[in-house]
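For the record, the sequence lines run as chains L and U. Counting in UniProt numbering, the first sequence runs from 1 upward without gaps. Counting in UniProt numbering, the second sequence runs from 1 upward without gaps.
If you are wondering where the hints come from, they were derived from the structure by calculation, not from laboratory data. Ideal placement from N, C-alpha and C gives every residue a C-beta, glycine not left out. Just so you know, not all the hints are guaranteed correct.
Unchecked claim - No more than 30 angstroms apart at the CA atoms, straight line, and that leaves these computed lysine-lysine pairs for DSSO-like:
(1) Lys295/U / Lys618/L
(2) Lys295/U / Lys306/U
(3) Lys413/U / Lys493/U
(4) Lys280/U / Lys444/U
(5) Lys102/L / Lys328/U
(6) Lys525/L / Lys328/U
(7) Lys102/L / Lys434/U
(8) Lys295/U / Lys559/L
(9) Lys133/L / Lys48/L
Said to hold, decoys possible - Covered stretches of chain L, going by a simulated chain U footprint (3 or more residues, C-beta under 8 angstroms):
(10) 394-402
(11) 407-421
(12) 531-537
(13) 580-593
(14) 626-637
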Amino acid sequence: MAAHSLSPPLSRLLFTVKYVSLHSRCCAVHSKAHYSTVYNPNEKTFDKILIANRGEIACRVIKTCKKMGIQTVAVHSDVDSSAVHVKMADEAICVGPAPTNKSYLNMDAIMDAIRVTGAQAVHPGYGFLSENKEFAKRLAAEGVMFIGPDTHAIQAMGDKIESKLIAKAAKVNTIPGFDGVVKTAEDAVKIAQEIGYPVMIKASAGGGGKGMRIAWNDDETREGFRFSSQEAASSFGDDRLLIEKYIDNPRHIEIQVLADKHGNALWLNERECSIQRRNQKVVEEAPSTFLDPVTRRAMGEQAVQLAKAVQYSSAGTVEFLVDSKKNFYFLEMNTRLQVEHPITECITGLDLVEQMIRVAKGYQLQHKQEDIPINGWAIESRVYAEDPYKSFGLPSIGRLSQYQEPLNLSNVRVDSGIQEGSDISIYYDPMISKLVTYGATRNEALAKMEDALDNYVIRGVTHNIPLLREIITHPRFISGDISTNFLPEVYPDGFKGHQLEVDARRELLASAAALYIAAQLRSQKVLGDQRVSTIPVKCTHWELCVELGKGCHAMEVTKSGDVYNVEVDGGKVEVIGAFNLASPLLPLTINGSDRMLQCLSRDASGMIVLQYLGTVFKVRVLSKLASELNSYMPEKVPEDTSSILRSPMPGTVVAVSIKPGDTVAEGQEICVIEAMKMQNSLTAARQAKVKSVHCKPGETVGEGDLLVELQ
Amino acid sequence: MYLNHSLCRINTIYSFRPTYSNFWGHVLQGKLTARERVELLLDPESFVESDMFVEHRCSDFGMEEDRNKFPGDSVVTGRGRINGRLVYVFSQDFTVFGGSLSGAHAQKICKIMDQAMTVGAPVIGLNDSGGARIQEGVESLAGYADIFLRNVMASGVVPQISLIMGPCAGGAVYSPALTDFTFMVKDTSYLFITGPDVVKSVTNEDVTQEELGGAKTHTTVSGVAHHAFENDIEALLNLREFFNFLPLSNQDPAPIRECHDPSDRLVPSLDTIVPFESTKAYDMLDIIQAVLDAKDFFEIMPNYAKNIVVGFARMNGRTVGIVGNQPKVASGCLDINSSVKGARFVRFCDAFNIPIITFVDVPGFLPGTAQEYGGIIRHGAKLLFAFAEATVPKITIITRKAYGGAYDVMSSKHLRGDVNYAWPTAEVAVMGAKGAVQIIFRGKENQAEAEAEYVDKFANPFPAAVRGFVDDIIEPATTRKKICSDLEVLASKKQVNPWKKHANIPL
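Okay, chain L solo, but in the shape it has when bound (with noise of 0.2 angstroms):
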């Protein structure tokens, strides 16, 4: 533990801070499971689990492993330390320095780590050594139960090439495709021709979208042949790929299975993932409103058949694609606890942390398929910090400054393994949470999220919720009209934030104008006895300017109590609320509905940053003397940014492909930045010749930094 360094005296003292705050947070993480299995406190596990991951999914293994009186252990990085699920847990081991190869992927330093704690068994969460058969066959050697499936089952899945084959021969539709070990470039390129395009490149040994490229011509397959296999050995450890034919507009809906070890298995329905960005799921939901009971039937049937042919016990998750008519193809089976479990949680009330435990230890499942039911509807949205308006989702790095999770609300359910003050780095997933929402009906679950999307507080890192809201309220979304391809299709110039029609226009800029009035009146509020009396501005009537974007908006607003009425771009607008002016929720009622928006800045100068329909949007409320008089005011030229090239997120420069002398042409790739394990190739705006180059790979970038000048 991190506190044994320290001296004794010291170490008694964080103690106390711990314990408090661990308290607080435990308390009200339980107040909000919701299983309908109940757990069997006779039924006998383990005494000791250690949970070989960090993050949201070792708090919530930790949470199931306390509610079944079971101790835990925790491993940890240098730089996770005071990291929340070190707190949560009973014992805790650094395991090494921050970057994972060294600590979460370091197995000796976790084998010393069990030995040392004396845990009886293993759960690897995902990710990480979840599905390396090299760390199941060690703890086997140690007499240290896996919690999950067995060697065996993770080999022939954890293939994709040899999984496929273990299909087929189980009769579960497949790809067509390549299915054995891609070499080189050129040899890439002849099995895709004959595949025939589009085809999809990807590692071997992976998962969760890294080391996977699509190409649509040879060029595009030799260059995703060198992206894939750098990612895949840097991930995984494991360069060989596989290709295979790419199905255009897909749906991915995958199916979850849970066996024991004496023969049985069960399909606890589907999960619908096709928001997608970059093959990372962004949204997804339980169950899906594309399956029909035939088509689920028929998917759970065959990934029973699989999870049967490979002996296959534990949770688990076997991956379609489903095209337009319904017709599924298996894509690959996961053999771990996936990230978006809860959902499937939501809708079967099984907890499956607690089912792994069990079956791990050998008991049989206590469900037959005709118990798990699909009650109600559950949506999750996985809460990055990361800036949507760049590709979907660049990461972004930080410390959360402020953090308030909407568990106000009820039906909602947040996986976090992070609170206010801790670090995002650029070592590790930049997933914040999980935010789950359940409903009797998918409308109930979906109206949820967008309430507790503008209800979640995240300050300090710049995150993805603008671009979840926009997801949940877009009418194709609503319809149930996805695929793998919703987002580029709905945003094929990029994602832009939410567009203003007209009257949430006219809401945003009498909110602000609300805003500044309730701040303009507090600053007169000057308490205590005066010695030179104060006298306030009487005024009940306002006459402002307020600029979004390039437009100025005339405003007049009277207010009488908490009642602001507004008249702005010819529209009344009537804005109600109590304003808390350190609070960064303004709950405030706009013509007559309740809305939630935030406030993230406001200064001296008008300026007002505010949070609303998910989009932050940048107002500058003036009076009307202020305005007039800032026409007067110089223009300052910004900074020409067409001839440099700076860091769009915070990473490590793998490659650099031009030096200081070369043109470049348009598109050209100019350097390769590695963030959360994955390569983002920055290329040229423009054709231009290299002025000056101010990185080198290997080095560390900064968000914003500067690394190339053009001519």
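Fit chain U to the known structure of chain L by using the hints.
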């Protein structure tokens, strides 16, 4: 007859907004007129002008001619209100003889300064002047001196703020320099003793106005100005905001504004903010902002001597002065510039009854010839002096390092700190473990073991706590709650220094 004539001209002046095509338009490019500035700075319709009829008295060089006389001359003066609170204002008018200072101009300024002193209200100067009225000769110089004297007499009695909104050169610069705060407008304001031409002829240096005395120079290099704003409007609106923090005079307590942020709010993020490695940096501003009312911090000199952070904020509505070492810059050490920056701020707070809250993470004074030759001993003593003589409520929080003499300096218990807290991560010691061990165990083997022993004994808050040098070791999350409750109690603090004509701070 004369009156009518004058009023007519006053009206002309009052509504005078030159267009860009004429000469004044060129002069005003990007700037507001003197009256527009006053109107924007003060509450609507609160301005009460004085000496609108005063004219200059020069009779040489044709100045006596009617066309060279302007009612009010080159400055607008009077009183008004900012958020209902009284303030005296002068605003120099560049459209009248380049805002140059005549005897009459000076007399108008002196008059409102005298009134401000008798009433006990702050003075704000909006400076935009080409310098002395050369036609008036020594009369103009006398005018400057009259203002300087009043600046000095008012110092520590009423807050004085200068906002430089145009050129300010020669003798004129000393009035802003004598006031408590000097703000500038970027790109349109300059402060220098002599302009680039004279510099060229004397020292043969080629330098632009902007480089010599622009906002960037004075807020980053010289430390003459305390803040710079984008343009006239932002400067004036921010000045209104800044004014809210200040008491009207030294007879008034720190103002209390209605507060929406609960005074007992816990700040859990502070529990993890100090890194485990004691050499790793963090941002002291994160701590400061998390503790304050609604993260509302008006930082003074944010771009100068960044290893110390100073500024105004509120705790449960009451204005406080914040001083904090900034570990992110030069490890938060004290050097010449940061000592002077801190000392001046502490003295302002003390003069105007503003409680001082000090966040300490200081590895010591910066060593080296540059510092020693520059007089770090003398300048460092200023900060020590300022903290020691201050009689306002003083609350200190040691977040991490408090090493050596710098520990003493940073509002320690020994300098009459009222409440001194340490976080569990605090290390109060003469120096860091490595250096200490090299001295104590010189030549001994097993330095690592000795170092561990030293860390165990001293790299924690207990040695200071058992001696009563810190009053309590607190959970970081409770910092805001504790400070707010202490300030409530300390509001009635009375402490008097021995009678003296004035102290002799090592200047």
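Structure-based check of all given hints:
A C-alpha spacing of about 19 angstroms is found between Lys295/U and Lys618/L, which places the hinted pair at or below 30 angstroms, so the restraint holds. Among the hinted pairs, Lys295/U with Lys306/U is consistent with the structure: their alpha-carbon atoms are about 19 angstroms apart, no more than 30 angstroms. For the hint pairing Lys413/U with Lys493/U, the CA-to-CA distance comes to about 16 angstroms; that is within 30 angstroms, so the pair holds. The hinted pair formed by Lys280/U and Lys444/U meets the criterion: a straight-line CA distance of about 29 angstroms does not exceed 30 angstroms.
Between Lys102/L and Lys328/U, the direct Cα distance comes to roughly 27 angstroms. Compliance with the 30 angstroms bound is thereby established for this hinted pair. The straight-line distance between the Cα atoms of Lys525/L and Lys328/U is roughly 36 angstroms, outside the 30 angstroms bound, and the hint therefore fails. About 28 angstroms separates the Cα atoms of Lys102/L and Lys434/U, which keeps this hinted pair within 30 angstroms; it holds. As the CA atoms of Lys295/U and Lys559/L are separated by approximately 27 angstroms, the hinted pair is consistent with the 30 angstroms bound.
Taken as a hint, the Lys133/L and Lys48/L pair is honoured in the structure, with Cα atoms around 22 angstroms apart against an allowance of 30 angstroms. Look at the segment 394-402 of chain L against chain U: 4 of its residues bring a Cβ nearer than 8 angstroms to a Cβ of that chain, three or more, so the hint holds. With a threshold of 8 angstroms between beta carbons, the proposed coverage of the segment 407-421 of chain L by chain U holds, since 3 of its residues qualify and at least three are required. Look at the segment 531-537 of chain L against chain U: 6 of its residues bring a Cβ nearer than 8 angstroms to a Cβ of that chain, three or more, so the hint holds.
With a threshold of 8 angstroms between beta carbons, the proposed coverage of the segment 580-593 of chain L by chain U holds, since 4 of its residues qualify and at least three are required. Under a criterion of three residues with beta carbons nearer than 8 angstroms to beta carbons of chain U, the stated coverage of the segment 626-637 of chain L is upheld, 7 such residues being counted.
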